[in-house]
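Trainee: Chains A and B, in that order, give the protein sequences.
With our numbering applied, the first sequence corresponds to residues 1 to 237, in that order.
With our numbering applied, the second sequence corresponds to residues 1001 to 1083, in that order.
FYI, nobody ran anything at the bench for these hints, they're computed from the structure.
Glycine residues also receive a C-beta, built at the ideal position from the N, C-alpha and C atoms.
Incorrect hints may have been included.
Okay, the calculated beta carbon distance ranges per label pair [what the hints assert, rightly or not]: (1) Leu1046/B - Gly173/A: 27 to 35 Å; (2) Glu160/A - Glu1045/B: 39 to 47 Å; (3) Arg1012/B - Phe65/A: 22 to 30 Å; (4) Phe65/A - Ala1033/B: 52 to 60 Å.
Listing some non-contacts, in silico: residues in chain A with all C-beta distances to chain B over 10 Å [what the hints assert, rightly or not]: (5) Asp17; (6) Ala61; (7) Pro99; (8) Gly100; (9) Ala101; (10) Asn105; (11) Ala106; (12) Ser128; (13) Ala129; (14) Glu134; (15) Ala149; (16) Gly161; (17) Ala193.
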Amino acid sequence: MLNVAVVRFPGSNSDFDALRSVERAGMRGRFVWHRESDLQGADLVILPGGFSYGDYLRAGAIARFSPVMQAVQRHAAAGGPVLGICNGFQILCESHLLPGALMRNAGLSFVSKPVDLTVERTTTPFTSAFARGETVRLPVAHGEGRFAATDETLRMLEAEGRVVLRYVPASEGSPLQPNPNGSAHHIAGVSNAAGNVVGIMPHPERFGDPASLDGGARFFASMAAWRPQPTPSKAAR
Amino acid sequence: MSFRVHVRVMPRAGLLDPQGQAVEHALSALGFAEAGEVRVGRAIELDVAAGTPAEAEARARQMCDKLLANPVTEDYLVEVEGA
Chain A
1 MLNVAVVRFP
11 GSNSDFDALR
21 SVERAGMRGR
31 FVWHRESDLQ
41 GADLVILPGG
51 FSYGDYLRAG
61 AIARFSPVMQ
71 AVQRHAAAGG
81 PVLGICNGFQ
91 ILCESHLLPG
101 ALMRNAGLSF
111 VSKPVDLTVE
121 RTTTPFTSAF
131 ARGETVRLPV
141 AHGEGRFAAT
151 DETLRMLEAE
161 GRVVLRYVPA
171 SEGSPLQPNP
181 NGSAHHIAGV
191 SNAAGNVVGI
201 MPHPERFGDP
211 ASLDGGARFF
221 ASMAAWRPQP
231 TPSKAAR
Chain B
1001 MSFRVHVRVM
1011 PRAGLLDPQG
1021 QAVEHALSAL
1031 GFAEAGEVRV
1041 GRAIELDVAA
1051 GTPAEAEARA
1061 RQMCDKLLAN
1071 PVTEDYLVEV
1081 EGA
């Protein structure tokens, strides 16, 4: 059975939802406190949503320096899957595990509502159960979700197919919920080059039915289907 | 020796600054129509133990690069008191 570490920071608030979703998908979940310096053999890691360290300085800026993030860095470098959800995405950007940054929403307001997203990269441990181009509706809840990066970085992300999720652009008469925060290129989630590190703003753990694989449940079904590669990196971990 | 260092962190020019825009609108609503190009950033003050002002500034710049500013979205300015 796969072991999933759900990292908890002071201010995490989606930790129980994430753990529950992991268990409902048939994996073993365990909380790992931010002061711990090893992941105790976890196969996959989730950095859940919330307001780690009160979002002091910048969202995710302080969490980056907690002992557990050193372990997450090693895990990611060895090819281990890491999913950052919302505040977890912000932490991954601040840690330079993912490019870019998440800035204050263009409309300034905290947005909490369902949005429609296109799944664009399915070659990740978190999106393999989707068909490429498929649309999924998930809730977002954030004040700082506007993805920003240099033009060069945006070009690279597009050229390398590293946009994992994209908000549906606003279009007249469409019943779809559009980009809620003014994100560059409507980006809602990106991955590193290898695809093992993924950050997304929406919350799959807050909406999904494991029986029908609705909504967010397929992110966790993807995780449950993931298998460690038989490479030396696993042994070195 | 210790130096008082003032750090100003600002959203990078060219990036959308919705806080600045909102403040600009509010000023205009209050009758300050002459206000324009408002940008909102962050000010940080700290004491830096160093031998010289130049050394204090160099260390403060390293702090900015590593933590105080996000190099992707922000620029910073460092001033050392008495330098």
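Trainee: Hint by hint, note whether the structure agrees.
Mentor: Here is what the structure says about each hint:
The given range of 27 to 35 Å is broken by Leu1046/B and Gly173/A, whose C-beta atoms sit roughly 54 Å from each other. For Glu160/A paired with Glu1045/B, a C-beta distance near 42 Å keeps the hint of 39 to 47 Å intact. For Arg1012/B and Phe65/A, the hinted distance range of 22 to 30 Å is satisfied, since their beta carbons lie about 23 Å from each other. Taken as a hint, the range 52 to 60 Å is violated for the pair Phe65/A and Ala1033/B, whose Cβ atoms sit roughly 45 Å apart.
Taking the minimum C-beta to C-beta distance to chain B, about 28 Å, the non-interface status of Asp17/A holds against the 10 Å cut. A cut-off of 10 Å between C-beta atoms contradicts the statement that Ala61/A is not in contact with chain B; the least separation is 7 Å. A beta-carbon of chain B is positioned within 10 Å of the beta-carbon of Pro99/A; the least distance is around 8 Å. The claim that Gly100/A is not at the interface with chain B is violated, since a C-beta of that chain comes within 10 Å of its own (minimum 6 Å).
Here Ala101/A does not stay apart from chain B, with its beta-carbon only about 4 Å from theirs, under the 10 Å limit. Here Asn105/A does not stay apart from chain B, with its beta-carbon only about 7 Å from theirs, under the 10 Å limit. Under the 10 Å C-beta cut-off, the non-interface status given to Ala106/A relative to chain B is violated; the minimum distance is some 5 Å. With a closest Cβ-Cβ approach of about 29 Å to chain B, Ser128/A is found to remain outside the 10 Å limit, as its non-interface label requires.
The Cβ of Ala129/A lies farther than 10 Å from every Cβ of chain B, with a closest approach of about 31 Å, so its non-interface assignment holds. The Cβ of Glu134/A sits about 30 Å from the closest Cβ of chain B, beyond the 10 Å cut-off, so the non-interface label holds. With a closest Cβ-Cβ approach of about 6 Å to chain B, Ala149/A is found to fall inside the 10 Å limit, against its non-interface label. The claim that Gly161/A lies off the interface holds: its Cβ sits roughly 21 Å from the closest Cβ of chain B, which is beyond the 10 Å cut-off.
With a closest Cβ-Cβ approach of about 18 Å to chain B, Ala193/A is found to remain outside the 10 Å limit, as its non-interface label requires.
Consistency with the previously given hints fails for numbers 1, 4, 6, 7, 8, 9, 10, 11 and 15, ordered from lowest to highest.
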